[in-house]
Each structure stands twice: as structure tokens, then as C-alpha cells.
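A.B. asks: For reference, the chains in residue letters:
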Amino acid sequence: MRVGNDSRRAKGPTTVAVPAATAADGSAKTRPSATRRTPGSWLRRHLREWRVALRKDWRLYTLVILPLAYFAVFRYVPMLGNVVAVRRYRPGGSIFGDEFVGLYYIRQVIGDAGFWNAFQNTIVLGALTLVIVFPLPIILALSLNEVRSRLFKRFAQTVSYLPHFMSIVVVAAMVMQLVSIRGTVNQALGLFDVGPISFMQEPDWFRTIYISSEVWQTVGWGTILYLAALTTVDSQLYEAARVDGASRWRQTWHVTLPGIRPVMIVLLILNIGNFMAVGFEKVLLLYNPLLYPTADVISTYLYRIGLEIGNYSYAAAIGLFEAAIGIILIVSANFISRRLVGESLW
Amino acid sequence: MLGTSAPASRADDSPGYRVFRWINTVFLVLVCAATLYPFVNVIAQAFSAEEYITRGQVNLVPRGFNLTTFSAVFSDDRFWINYRNTVVYTVVATAIAITLTTMLAYAISKKHLKGRGFIIAVALGTMVFNGGIIPNYLLVEGLGMRNTIWAIVIPNAISAFNLLIMKSFFENFPAELEEAAQIDGLTTYGVLLRVVLPLSRAVIATMVLFYAVFFWNQWFPALLYFDDADQYPVTMYLRNLMAAALVNEDLGTDSAQISSNIQAVAMLLTMLPILCVYPFVQRYFVSGVMLGAVKQ
Chain A
1 MRVGNDSRRA
11 KGPTTVAVPA
21 ATAADGSAKT
31 RPSATRRTPG
41 SWLRRHLREW
51 RVALRKDWRL
61 YTLVILPLAY
71 FAVFRYVPML
81 GNVVAVRRYR
91 PGGSIFGDEF
101 VGLYYIRQVI
111 GDAGFWNAFQ
121 NTIVLGALTL
131 VIVFPLPIIL
141 ALSLNEVRSR
151 LFKRFAQTVS
161 YLPHFMSIVV
171 VAAMVMQLVS
181 IRGTVNQALG
191 LFDVGPISFM
201 QEPDWFRTIY
211 ISSEVWQTVG
221 WGTILYLAAL
231 TTVDSQLYEA
241 ARVDGASRWR
251 QTWHVTLPGI
261 RPVMIVLLIL
271 NIGNFMAVGF
281 EKVLLLYNPL
291 LYPTADVIST
301 YLYRIGLEIG
311 NYSYAAAIGL
321 FEAAIGIILI
331 VSANFISRRL
341 VGESLW
Chain B
347 MLGTSAPASR
357 ADDSPGYRVF
367 RWINTVFLVL
377 VCAATLYPFV
387 NVIAQAFSAE
397 EYITRGQVNL
407 VPRGFNLTTF
417 SAVFSDDRFW
427 INYRNTVVYT
437 VVATAIAITL
447 TTMLAYAISK
457 KHLKGRGFII
467 AVALGTMVFN
477 GGIIPNYLLV
487 EGLGMRNTIW
497 AIVIPNAISA
507 FNLLIMKSFF
517 ENFPAELEEA
527 AQIDGLTTYG
537 VLLRVVLPLS
547 RAVIATMVLF
557 YAVFFWNQWF
567 PALLYFDDAD
577 QYPVTMYLRN
587 LMAAALVNED
597 LGTDSAQISS
607 NIQAVAMLLT
617 MLPILCVYPF
627 VQRYFVSGVM
637 LGAVKQ
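Protein chains in written order, with this note's numbering: chain A, 1 to 346; chain B, 347 to 642.
One chain only, chain A, in its complex shape (with noise of 0.2 Å):
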């Protein structure tokens, strides 16, 4: 995460030249001096010192080697093959698809009551997750921050992180068997005389069991990097603080907070990224038919017409409509969180 550096370098008027800031790592270097400007010469030169780093570090390039040819075969390829969705894709054939049929999937995917049922599940719980799990991990980080006791803070820590370890079909097993109809939930309930309540069929209770098992299972790790984000903050702010009389309360307000800030937005921009493919894993463990009108998200639905039925090239499409969604969330919350406080991803 360097966000420190880009943001103090982006905070100038000249916020709008986005590219430039992206280049900026080590290629800025290369670039041809003024004076000497015929392609011709800018092209030998590039080429000479291209051959002159090779000799040098050959060694590491070859370090570098495969794992490119990894990214490139196995995260590049696929985002290329999204082109499926405009080329009918045959079994057997090329995984670009096989023949040019422009629009005709998007605009099935238009009309497509499922995908907009899907779409508005996704919504929902996205915003959901954002609201009410973005939130716990700071508070849980500052409240571990201000215990004294280290083998208690450890001993937290070593608690709340654990069910980030556990498989996601494990969380759902211990989920359905936990508001079972004799599982613990319902059982609680029987004490105020509720229920009990057949959670797994009633699409009403899907968001709340969802979201539960999503602050069970994340807000804990959640708060490392918070915590590791807390040690920077330097203990002469807080002396200072302390020396115009602010209370723990205000430290807090004012020293830690800003503090965390850049880690905070880098997270935020990070999830607000990760919006539209919520728990897919877990919904698809999660729900059944029953539960659909409120579980069913567009990744499960692209699964379900996708791998289940076969329409690989109408599963694209809503893949791609899913992905496009994201992009523009992402690139505006860094456009807008750049504008206002100064931070951004890029």
C-alpha cells in the first residue's frame, strides 16, 4: 500500500492528469530527454538501455519469468475472454467463442426479469456489507488499542482472527445448523416464547443470517491492518495532545483517526471495488430455491445459467454487466475520495 506518496502528489490542482500518476513507479525514468526527440534515436536508446539492464540483471529476470507467465495466461486471458459475450461460444471450440454476434446476449440480458431480481439482491446486500461490516473492524481496532493488558489483547486478537481461517463451507455448515430448527437460535427464541422460525425457508431472514455470518467471520481479521495502522501513529501527537489537556475521547478523535485515514480509505475504496461480487461462495452454499428472491446474486445467477444450463456466452454477458458496475464504483470512489480527502488507490 503506498498511498502516503501518490496522494500527497495528487492533492495540486493538477488532480486530472490520472494517467501520469500511474506511470509514475519506474518508467518515468525512461522517458527520452527534450533535446533529442526523432523516434529513430529515442527507439536505440530505449533498446540500449533495455540490453544494458538485461546483461546486468538477467538473473532476476529470469526470477520474473514465470510468475508472468502466470498472470499472463491465468488472470490476463481470462479478462480477454469476456469477449465471449459478444461471440457465441460452441463446447470444443475456441475459448474467445466462435462466431460475432454483436449486442445479442447484452440485450437478453436486459430483458431478463432473473438478472434484475439478482441485480437488485446484489445491491442490497453490497450496501449492506459496506454499511455494517466496514465499520466494525475500526471499532473493534481501536477498542483492542486502548486494553493494557497484553495477554489479554492477545489473546483477542488470537480469538477474533481465527474464524477468518475456517473454510467458507465449514461457516455455512456451522450457519444451517446453528438456526436449524433446534439449533441455538431457535432455542433462544423459545425463551421469549418465539418461533420457532424455519430460517432456511423464509427469504425475509436471508440478509440478516448473511450478513451475521459475514461480521462473524471477517470483522476480526478486519482489524490487522487497522492495528498495524495504529503503531505508526506517532506517541508525540499524543503527548502534545495530552498537554493541551485533551481527554482519551479527544486523542482519539483527533490524533488516532486521522491517523488510520489512509488505510481506512484504501480499505473502503478496496470494498466499495468489491460491492458486486458479494459472498458469492457463501450465498451459493447458503441459499435454495426458496430463498431466491432475496439470495440469489448475480454471480449465482450467472452460475446457475452458466455451469448448470451451459449458456456460457449469455453468463459472460452478465459477468461483464457485473464487472462493468464494478469498475465504474471503484474508479469513481478513487476519483471522488481523491477529490475530497487527498487519498486515492491510484
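FRET-style restraints, in silico, Cβ to Cβ: (1) A:Ser332 to B:Asn502: 21 to 31 Å; (2) B:Arg547 to A:Arg148: 25 to 35 Å; (3) B:Asp422 to A:Ser332: 47 to 57 Å.
Distance condition first, Cα-Cα at most 25 Å in a straight line; then the derived SDA-like pairs of lysine to any residue: (4) B:Lys513 to A:Leu267; (5) A:Lys56 to B:Gly463; (6) A:Lys56 to B:Lys460; (7) A:Lys282 to B:Thr381; (8) A:Lys282 to B:Asn476; (9) A:Lys282 to B:Phe572; (10) A:Lys282 to B:Leu382; (11) A:Lys153 to B:Ala380; (12) A:Lys153 to B:Cys378; (13) A:Lys56 to B:Phe519; (14) B:Lys460 to A:Val64; (15) A:Lys282 to B:Ala589; (16) B:Lys456 to A:Trp346; (17) A:Lys153 to B:Asn370; (18) A:Lys282 to B:Arg492; (19) B:Lys513 to A:Trp346; (20) B:Lys456 to A:Leu47; (21) B:Lys457 to A:Trp346; (22) B:Lys513 to A:Val73; (23) A:Lys56 to B:Gly536; (24) B:Lys513 to A:Leu68; (25) B:Lys513 to A:Trp58; (26) B:Lys460 to A:Trp42; (27) B:Lys457 to B:Ile444; (28) A:Lys282 to B:Val377.
Since the hints were derived computationally from the structure, they do not count as laboratory data.
Ideal Cβ placement from N, Cα and C applies to all residues, glycine included.
Since the structure of chain A is already known, use the hints to place chain B on it.
C.D. replies: Then chain B, alone, in the frame of chain A:
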């Protein structure tokens, strides 16, 4: 754990802050209890007799203690086959992932490397963008990896997040050590294998844990790419138990509860290795992530 932003000394505590600290402690105890409850519940069910679970009487402690469900699960050949598959997949996948991640992370930690910015951008791009389910599926199928171990161990070989942690760790590695080794005649490979890696145990332990847990827990690629249940990992075994239990609950039969007993045993056995190593490697990953996440 690294240092924390030190709170004021006890003498400075205002009465309000003292009250807050009590509430805070109670809050954290409740958080821990809520986090642990589902685990305790699973363990209790795994050791309980069926009739107590059917009546909904098993919460924190086993009732009618017995091990018959364990022997039921253990005598299922499929369980052993799937469990062994998980072990094999995890070991192979983790070895590949660690090798590739270390190679790339070490190379891009060298700030003078030409083209470094581009390589980093290629890696980070995968953090935000991905191809989506369908193109990935078509790729794996197109490469003929269906029904082979490669479908499980290759497509997720490098995680950008882990790569970042390792890269920052290597960046903070004392350059003098590497230079001294180079003067003594070691090549880049020698420096990496004989100097850097032996001194990077914390971060490597962290990465092994992260990858191993990830691959141990995986189930979806198996659902997608395997046709034969004998190739499934144990997570798929558990998932199929769940699916069966759901059907039973719909029918309102008692067998739903019986299978919840078997499910509890399968869950316990699925998470057992993680529960066992977790306390020991925990301190490594906390320091590993902190080193990686916080620059300077």
C-alpha cells in the same frame, strides 16, 4: 505484537476513562465469547448422542458422550479418500505458490530493476480486476486441466496480497548483507537462497500458512472441475453432507438432525489441522502482515 500507541499512564486516568475501560473489557469478552460459541457448539455436537441433538439439548457441552459418529465417518472410505486428496492438493499447491511468489517478490523488491513499475502494475491489476467465472472456467477447460490436479493447484498460484507482503519484507531487508554476500562471490540466486531466505523465516512461515489455509479450505474449483467424487477434497465431502441435510429438513424428517451430528464430526475434522497449527504460527503471521502492511 509490535508496540501500540501507548495510552496514558494509570495516574492520568479520568474517572470517565476508567469506566470506559471496564465497559471496553466487557465488550471484548463478549466479542470473544460470540466468536468462540459456534466452535464450541460444533465440538459439543460432534461428541453427543443423537437423541439429545434431536431434542435440541446440545449447546455448550456434549450430552450422552459417545464416539460412534466418529467411527461412522471414519468407516466411510470416501471420507478418507477426500481427506487424503485435500492433503495432496494443499501440499502441491502451496509449494508452487510459495516458489512463484518468492521469485517474483524478490525480483520486484529490487528498486533498480528496469521495468519494475510495469511488473508491479501487472500484479496489482489482478487485485482489482478479474476475468470472472465463465472465462476462467472456459480457460481451464480449454487447457485440458479438467479432472486433473492442475485445475485445483494452478489457477490461484499467486495472490497479489501475499506478493505485496513479501515484496515489502524483501525491500526492508538490509542491503549491506546482500552486498557483502555478492562481494564474496555469490550470484543473485546464491544471495536469495543462502542469505535472504534463511533470514526470512517469519514472512515465509506467514505465506505458507496463508496459502496452505487457502488451499485447504478451497471447495469451489473442485465443484467446477471434477466429475468424479473420488477426486473431491474434504470440503466437498462436507458440502455434500450439508446439501443432503437440507433436503431432509425440507421433508421434516428426523434424519436431518442425525446428519447434523455427522456434519459436526466432518466439520470438526475439516478444521482440525488448522485449529492445531493456528496457535503456533499465529505470532508469525501477525508480525509478517504488520511488517508487510506498514511501510516504514
